[in-house]
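Engineer: Let's have the full structure, built from the sequences with the hints guiding it.
Each chain, written out:
Protein chains: 2
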Amino acid sequence: MTLLKNLRGVAMIYIPYVVLERLKEYRKILLNLDCEYVTSEEIAKLAGVSSDLVRRDFMYLKINGQKKKGYNRIALLTELDETFAVKRNLNIIVVGGNRLGQALVTYDGFSSCGVRVVAIFDNNPENAGKFVEDLVILSLEPDILRRVIKRFSVSIAAVCVLPKDAQRVVDLLVENGIVGIWNFTPVKLAVPENVIVVDADLTSSLLMLKRLVDTKVFQKSEASNAYTSQE
Amino acid sequence: MTLLKNLRGVAMIYIPYVVLERLKEYRKILLNLDCEYVTSEEIAKLAGVSSDLVRRDFMYLKINGQKKKGYNRIALLTELDETFAVKRNLNIIVVGGNRLGQALVTYDGFSSCGVRVVAIFDNNPENAGKFVEDLVILSLEPDILRRVIKRFSVSIAAVCVLPKDAQRVVDLLVENGIVGIWNFTPVKLAVPENVIVVDADLTSSLLMLKRLVDTKVFQKSEASNAYTSQE
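Residue numbers (UniProt numbering), protein chains in the order written: chain A, 1 to 231; chain B, 1 to 231.
By construction, these hints were calculated from the structure, which means they are not laboratory data. Values in this document were obtained by computation on a predicted structure and should not be read as measured data. There could be a bad hint or two in this list.
To be verified - Computed list of lysine-lysine pairs in BS3-like fashion (alpha-carbon distance at most 30 Å, straight line):
| no. | chain 1 | residue 1 | chain 2 | residue 2 |
| --- | --- | --- | --- | --- |
| 1 | B | Lys-130 | A | Lys-130 |
| 2 | A | Lys-69 | A | Lys-28 |
| 3 | B | Lys-188 | A | Lys-164 |
| 4 | B | Lys-130 | A | Lys-188 |
| 5 | B | Lys-87 | B | Lys-45 |
| 6 | B | Lys-62 | A | Lys-62 |
| 7 | B | Lys-87 | A | Lys-87 |
| 8 | A | Lys-28 | A | Lys-67 |
| 9 | B | Lys-24 | B | Lys-188 |
| 10 | A | Lys-24 | A | Lys-67 |
| 11 | B | Lys-45 | A | Lys-28 |
| 12 | A | Lys-130 | A | Lys-164 |
| 13 | B | Lys-164 | A | Lys-188 |
| 14 | B | Lys-130 | A | Lys-45 |
| 15 | A | Lys-188 | B | Lys-28 |
| 16 | A | Lys-28 | B | Lys-188 |
| 17 | A | Lys-188 | A | Lys-164 |
| 18 | B | Lys-164 | A | Lys-87 |
| 19 | B | Lys-87 | A | Lys-164 |
| 20 | B | Lys-188 | A | Lys-69 |
| 21 | B | Lys-150 | B | Lys-130 |
| 22 | A | Lys-188 | B | Lys-24 |
| 23 | B | Lys-69 | B | Lys-45 |
| 24 | A | Lys-87 | B | Lys-69 |
| 25 | A | Lys-188 | A | Lys-150 |
| 26 | B | Lys-24 | B | Lys-62 |
| 27 | A | Lys-28 | B | Lys-24 |
| 28 | A | Lys-24 | A | Lys-45 |
| 29 | B | Lys-28 | A | Lys-28 |
| 30 | B | Lys-24 | A | Lys-24 |
| 31 | A | Lys-45 | B | Lys-150 |
| 32 | A | Lys-62 | B | Lys-45 |
Structural biologist: Laid out in structure tokens, this is it:
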């Protein structure tokens, strides 16, 4: 297991992306349970994976289960919150003053995990000066951008501009110190190796829902058939 | 392997949620590659999992790799598109006429995967009648809701209402035939067993980005140290 130390001097274990995805899923499952202890078998069943995989994933956390009892649910959640730094405050900027950008500025869910939008930019100078709640839309100029990034220690930007502008805007952000791009555009972005892009992928979570509904609809009709045949 | 048939009579294989999550990830990776054949080892490396797991996941698809050559990339993508029914048209409704709801109505990325927002509802009667692009905001009344759902064969609704209204709105949707809830509220929704909820989870993809940036920032500084020490 590779040990890293981040810029704040906190030791971090390197965790592969796909493992992180599963840990995120386990966290959701644990939040939904209401018990003191939980076994890897129980989590595995709810997540649709093998209990062996769950135990292997948990080896990335600083926690051990107890024989028979399993894991303490709250301790496990605390470890997972730590992994995703849920408790640490994070300042982000939004680029794109359109409806999606405005929606991010006013999104309810961020406050519960310490995320704050400190500025909103637009690459169309005509929109600069307009208000979104209590934030003024700023013009996307290197000078202003650099100052905001420095003042609020921003490392992450949500990008909601038009597809045709996306790459140019991201280049500008990266030149001025942004190292994490939260990409709401359908564009596949090119960035230097030290920059991370996470595609916000509204479409992809919708496709997942579609698939699940398709399957479930069948299971339901199968179940009602089974019911009918018992009558 | 369990074989299902969905309501359109298409045979579907039951795939656990966590496997679907990985298949989605592989699909993204394959879209990003530019080669004719790809091995499970190559995909595994990019996804951060074992090649054994990749091969096991691909057993859910109707595709076989060739010895040494690996999988035909386009054939694999076609199978994955089939799995998520990317090509099939899907009508959804949006509930909540606020900024996020409006953003969904005008989101660029949907058209590329056949998704169309056919109506937007608001539970505040005052907002009914206002326009979002070319859609009129409809009042959330059972009668109107039922007609729209029937007319456009809608099974999925995006829910963007205030947290305090979320459960009541979802109850109403479910009563009137919605079986898939795309939940943009931070509320943990209670639904009958035959209804699927997918949390859109803006916060969760942001937390993932935060984690990746934290780790990457360290790797970068480690790399530049290594560079310095070679000088």
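Engineer: Hint by hint, say whether it matches the structure.
Structural biologist: Evaluation of the provided hints:
With a C-alpha separation of about 21 Å, the suggested pairing of Lys-130/B with Lys-130/A holds against the 30 Å cut-off. With a C-alpha separation of about 21 Å, the suggested pair Lys-69/A and Lys-28/A falls inside the 30 Å cut-off, and the hint holds. Using a Cα cut-off of 30 Å, the hinted pair Lys-188/B and Lys-164/A is violated, with the two alpha carbons roughly 37 Å apart. A hinted pair counts as satisfied when its Cα atoms are at most 30 Å apart, and Lys-130/B with Lys-188/A does not qualify at roughly 35 Å.
A hinted pair counts as satisfied when its Cα atoms are at most 30 Å apart, and Lys-87/B with Lys-45/B qualifies at roughly 28 Å. For the hint linking Lys-62/B to Lys-62/A, the alpha-carbon distance of about 40 Å lies beyond 30 Å, and the restraint is violated. Proposed proximity of Lys-87/B and Lys-87/A is contradicted: the alpha carbons are some 40 Å apart, above 30 Å. A distance of roughly 24 Å separates the Cα atoms of Lys-28/A and Lys-67/A; the hinted pair therefore holds under the 30 Å criterion.
About 24 Å separates the Cα atoms of Lys-24/B and Lys-188/B, which keeps this hinted pair within 30 Å; it holds. Between Lys-24/A and Lys-67/A, the direct Cα distance comes to roughly 24 Å. Compliance with the 30 Å bound is thereby established for this hinted pair. A C-alpha spacing of about 27 Å is found between Lys-45/B and Lys-28/A, which places the hinted pair at or below 30 Å, so the restraint holds. For the hint linking Lys-130/A to Lys-164/A, the alpha-carbon distance of about 23 Å falls within 30 Å, and the restraint holds.
Taken as a hint, the Lys-164/B and Lys-188/A pair is broken in the structure, with Cα atoms around 37 Å apart against an allowance of 30 Å. Restraint check: the Cα-Cα separation between Lys-130/B and Lys-45/A comes to about 46 Å, which exceeds 30 Å; the hinted pair is violated. Restraint check: the Cα-Cα separation between Lys-188/A and Lys-28/B comes to about 10 Å, which is no more than 30 Å; the hinted pair holds. Of the pairs offered as hints, the one joining Lys-28/A and Lys-188/B holds, with about 10 Å between alpha carbons and a cut-off of 30 Å not exceeded.
Distance check on the hinted pair: Lys-188/A and Lys-164/A sit about 11 Å apart at the alpha-carbon level, within 30 Å; holds. For the given pair, Lys-164/B sits about 24 Å from Lys-87/A by alpha-carbon distance, which is consistent with the 30 Å threshold. The suggested pairing of Lys-87/B with Lys-164/A holds, with an alpha-carbon distance near 24 Å, which does not exceed 30 Å. Between Lys-188/B and Lys-69/A, the direct Cα distance comes to roughly 27 Å. Compliance with the 30 Å bound is thereby established for this hinted pair.
A threshold of 30 Å between alpha carbons decides the hint, and for Lys-150/B with Lys-130/B the separation of about 23 Å falls inside it, so the pair holds. Restraint check for Lys-188/A and Lys-24/B: the C-alpha separation of about 16 Å stays at or below 30 Å, so the hint holds. Only pairs whose Cα atoms come within 30 Å are accepted, and Lys-69/B paired with Lys-45/B is accepted, the gap being roughly 17 Å. Proximity of Lys-87/A to Lys-69/B is assessed by CA-CA distance (about 47 Å); at most 30 Å being required, the pair is judged violated.
Pair hint Lys-188/A plus Lys-150/A holds up; C-alpha atoms about 27 Å apart against a cutoff of 30 Å. Distance hint between Lys-24/B and Lys-62/B is fulfilled; the C-alpha atoms sit about 16 Å from each other, no more than 30 Å. Taking the CA atoms of Lys-28/A and Lys-24/B, the gap is about 19 Å. The hint holds against a cut of 30 Å. For the hint pairing Lys-24/A with Lys-45/A, the CA-to-CA distance comes to about 16 Å; that is within 30 Å, so the pair holds.
Proximity of Lys-28/B to Lys-28/A is assessed by CA-CA distance (about 23 Å); at most 30 Å being required, the pair is judged to hold. The hinted pair formed by Lys-24/B and Lys-24/A meets the criterion: a straight-line CA distance of about 16 Å does not exceed 30 Å. With a C-alpha separation of about 35 Å, the suggested pairing of Lys-45/A with Lys-150/B is violated against the 30 Å cut-off. Only pairs whose Cα atoms come within 30 Å are accepted, and Lys-62/A paired with Lys-45/B is accepted, the gap being roughly 25 Å.
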